[in-house]
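Each chain is listed here by its residues.
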Amino acid sequence: GIQVEQSPPDLILQEGANSTLRCNFSDSVNNLQWFHQNPWGQLINLFYIPSGTKQNGRLSATTVATERYSLLYISSSQTTDSGVYFCAASSNFGNEKLTFGTGTRLTIIP
Amino acid sequence: EAQVTQNPRYLITVTGKKLTVTCSQNMNHEYMSWYRQDPGLGLRQIYYSMNVEVTDKGDVPEGYKVSRKEKRNFPLILESPSPNQTSLYFCASSPRQGASSYNSPLHFGNGTRLTVT
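Those protein sequence lines, which keep their order, are chains X and H.
Position 50 (the first sequence) corresponds to 50 in the working numbering; numbering is contiguous.
One rule links them: number in the working numbering = place in the second sequence (from 1) + 1000.
If we strip away everything but chain X, and leave its shape as in the complex, we get (with noise of 0.2 Å):
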């Protein structure tokens, strides 16, 4: 099946400042989401993207599928943006599930 694989592990910034998370991928993709998993453990979907560029406020997200990798960008950084981000994907090919990355913990520090 797909291989999702999410880059930093960790990452520790101060209030104000700017973010990228690099979520990789092993084969074509029909499915790209971003999630966000907050300190009280609830998971909030952020971006569908399987293709493309889109913005929401303070964040936006690139996918570039030819080349099997999607950022996610934090602008302006929050405390409330601490917490833990997910990519998933599902592959063209095989039975579609959507595979998740093992995510990227951010933590803003005030």
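Don't read these hints as lab results, they were simulated from the structure.
Because the structure is a prediction, the values reported are computed rather than measured.
There may be inaccurate statements among the hints.
Stated by the list, open to error - Straight-line Cα separation of at most 30 Å, DSSO-like style, residue types lysine-lysine; simulated pairs:
{"id": "1", "chain 1": "H", "residue 1": "Lys1057", "chain 2": "H", "residue 2": "Lys1018"}
{"id": "2", "chain 1": "X", "residue 1": "Lys97", "chain 2": "H", "residue 2": "Lys1018"}
{"id": "3", "chain 1": "H", "residue 1": "Lys1057", "chain 2": "H", "residue 2": "Lys1069"}
{"id": "4", "chain 1": "H", "residue 1": "Lys1057", "chain 2": "H", "residue 2": "Lys1017"}
{"id": "5", "chain 1": "H", "residue 1": "Lys1069", "chain 2": "X", "residue 2": "Lys97"}
{"id": "6", "chain 1": "H", "residue 1": "Lys1018", "chain 2": "H", "residue 2": "Lys1069"}
{"id": "7", "chain 1": "H", "residue 1": "Lys1057", "chain 2": "X", "residue 2": "Lys97"}
{"id": "8", "chain 1": "H", "residue 1": "Lys1065", "chain 2": "H", "residue 2": "Lys1018"}
{"id": "9", "chain 1": "H", "residue 1": "Lys1071", "chain 2": "H", "residue 2": "Lys1017"}
{"id": "10", "chain 1": "H", "residue 1": "Lys1018", "chain 2": "X", "residue 2": "Lys54"}
{"id": "11", "chain 1": "H", "residue 1": "Lys1017", "chain 2": "H", "residue 2": "Lys1069"}
{"id": "12", "chain 1": "X", "residue 1": "Lys97", "chain 2": "X", "residue 2": "Lys54"}
{"id": "13", "chain 1": "H", "residue 1": "Lys1057", "chain 2": "H", "residue 2": "Lys1071"}
{"id": "14", "chain 1": "X", "residue 1": "Lys54", "chain 2": "H", "residue 2": "Lys1069"}
{"id": "15", "chain 1": "H", "residue 1": "Lys1071", "chain 2": "H", "residue 2": "Lys1018"}
As the list claims (entries may be wrong) - Sample of chain X residues facing chain H (criterion: CB under 8 Å; computed from the structure):
{"id": "16", "residue": "Gly41"}
{"id": "17", "residue": "Gln42"}
{"id": "18", "residue": "Phe86"}
{"id": "19", "residue": "Lys97"}
{"id": "20", "residue": "Gly101"}
{"id": "21", "residue": "Thr102"}
{"id": "22", "residue": "Gly103"}
The beta-carbon is built from N, C-alpha and C at its ideal position, and this holds for glycine as well.
Chain X is already provided as a structure; the job is to place chain H on it using the hints.
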């Protein structure tokens, strides 16, 4: 409000005592799925359902059962729980998945923390 509702939020039980975790969505989604989350292992899929009466195994189905008799409900059943099933469980739904998954973001419930002693 559009949501995925799981119950209970917390559950402590003993080995071998059958339990059911309920999941309900009010968005008329075709696709529903169960995941477990364990430290260092991320989210792993247990079972999924592409539509009513259609279920299939995910990555870690052993020790679990599911059913999809109605579109909105997708209960997770542990017939004989064991301590290695202690975990954080999430139910999720989306309009569809797979090749026809255009613009189908996955929505998660708030999770059920299960402890089996």
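We went through each hint and held it up to the structure:
1. Distance check on the hinted pair: H:Lys1057 and H:Lys1018 sit about 20 Å apart at the alpha-carbon level, within 30 Å; holds.
2. Distance restraint check for X:Lys97 and H:Lys1018: the Cα-Cα separation of roughly 28 Å lies within the 30 Å cut-off, and the hinted pair is therefore satisfied.
3. Under the criterion of a C-alpha separation no larger than 30 Å, the hint pairing H:Lys1057 with H:Lys1069 is consistent with the structure, at around 17 Å.
4. A threshold of 30 Å between alpha carbons decides the hint, and for H:Lys1057 with H:Lys1017 the separation of about 23 Å falls inside it, so the pair holds.
5. The straight-line distance between the Cα atoms of H:Lys1069 and X:Lys97 is roughly 21 Å, inside the 30 Å bound, and the hint therefore holds.
6. Between the alpha carbons of H:Lys1018 and H:Lys1069 the distance comes to roughly 20 Å, so the proposed pair stays at or under 30 Å and holds.
7. Straight-line distance between C-alpha atoms of H:Lys1057 and X:Lys97 comes to about 10 Å, which keeps the hinted pair within the 30 Å bound.
8. Distance hint between H:Lys1065 and H:Lys1018 is fulfilled; the C-alpha atoms sit about 11 Å from each other, no more than 30 Å.
9. At roughly 28 Å between alpha-carbon atoms, H:Lys1071 and H:Lys1017 fall within 30 Å of each other, so this suggested pair holds.
10. A hinted pair counts as satisfied when its Cα atoms are at most 30 Å apart, and H:Lys1018 with X:Lys54 does not qualify at roughly 45 Å.
11. Straight-line distance between C-alpha atoms of H:Lys1017 and H:Lys1069 comes to about 24 Å, which keeps the hinted pair within the 30 Å bound.
12. Of the pairs offered as hints, the one joining X:Lys97 and X:Lys54 holds, with about 23 Å between alpha carbons and a cut-off of 30 Å not exceeded.
13. Taking the CA atoms of H:Lys1057 and H:Lys1071, the gap is about 18 Å. The hint holds against a cut of 30 Å.
14. The suggested pairing of X:Lys54 with H:Lys1069 is violated, with an alpha-carbon distance near 37 Å, which exceeds 30 Å.
15. Our distance criterion of 30 Å between C-alpha atoms is met by H:Lys1071 and H:Lys1018, whose separation comes to about 24 Å.
16. Given hint, X:Gly41 at the interface with chain H, holds; its Cβ is 5 Å from that chain's nearest Cβ, closer than 8 Å.
17. A least Cβ separation of about 6 Å between X:Gln42 and chain H falls short of the 8 Å threshold, and the interface hint therefore holds.
18. Interface restraint check for X:Phe86: the shortest CB-CB distance to chain H comes to about 7 Å, inside 8 Å, so the restraint holds.
19. Residue-level restraint check for X:Lys97 holds (minimum Cβ-Cβ distance to chain H is 6 Å; threshold 8 Å).
20. Checking X:Gly101 against chain H: minimum C-beta separation of about 6 Å stays under 8 Å; hint holds.
21. Proximity of X:Thr102 to chain H holds as hinted, the smallest CB-CB distance being about 4 Å (cut-off 8 Å).
22. Satisfaction of the interface hint for X:Gly103 is found here, the shortest Cβ-Cβ separation to chain H being roughly 6 Å, below the 8 Å cut-off.
Checked against the numbered hints above, the structure violates hints 10 and 14; every other hint is satisfied.
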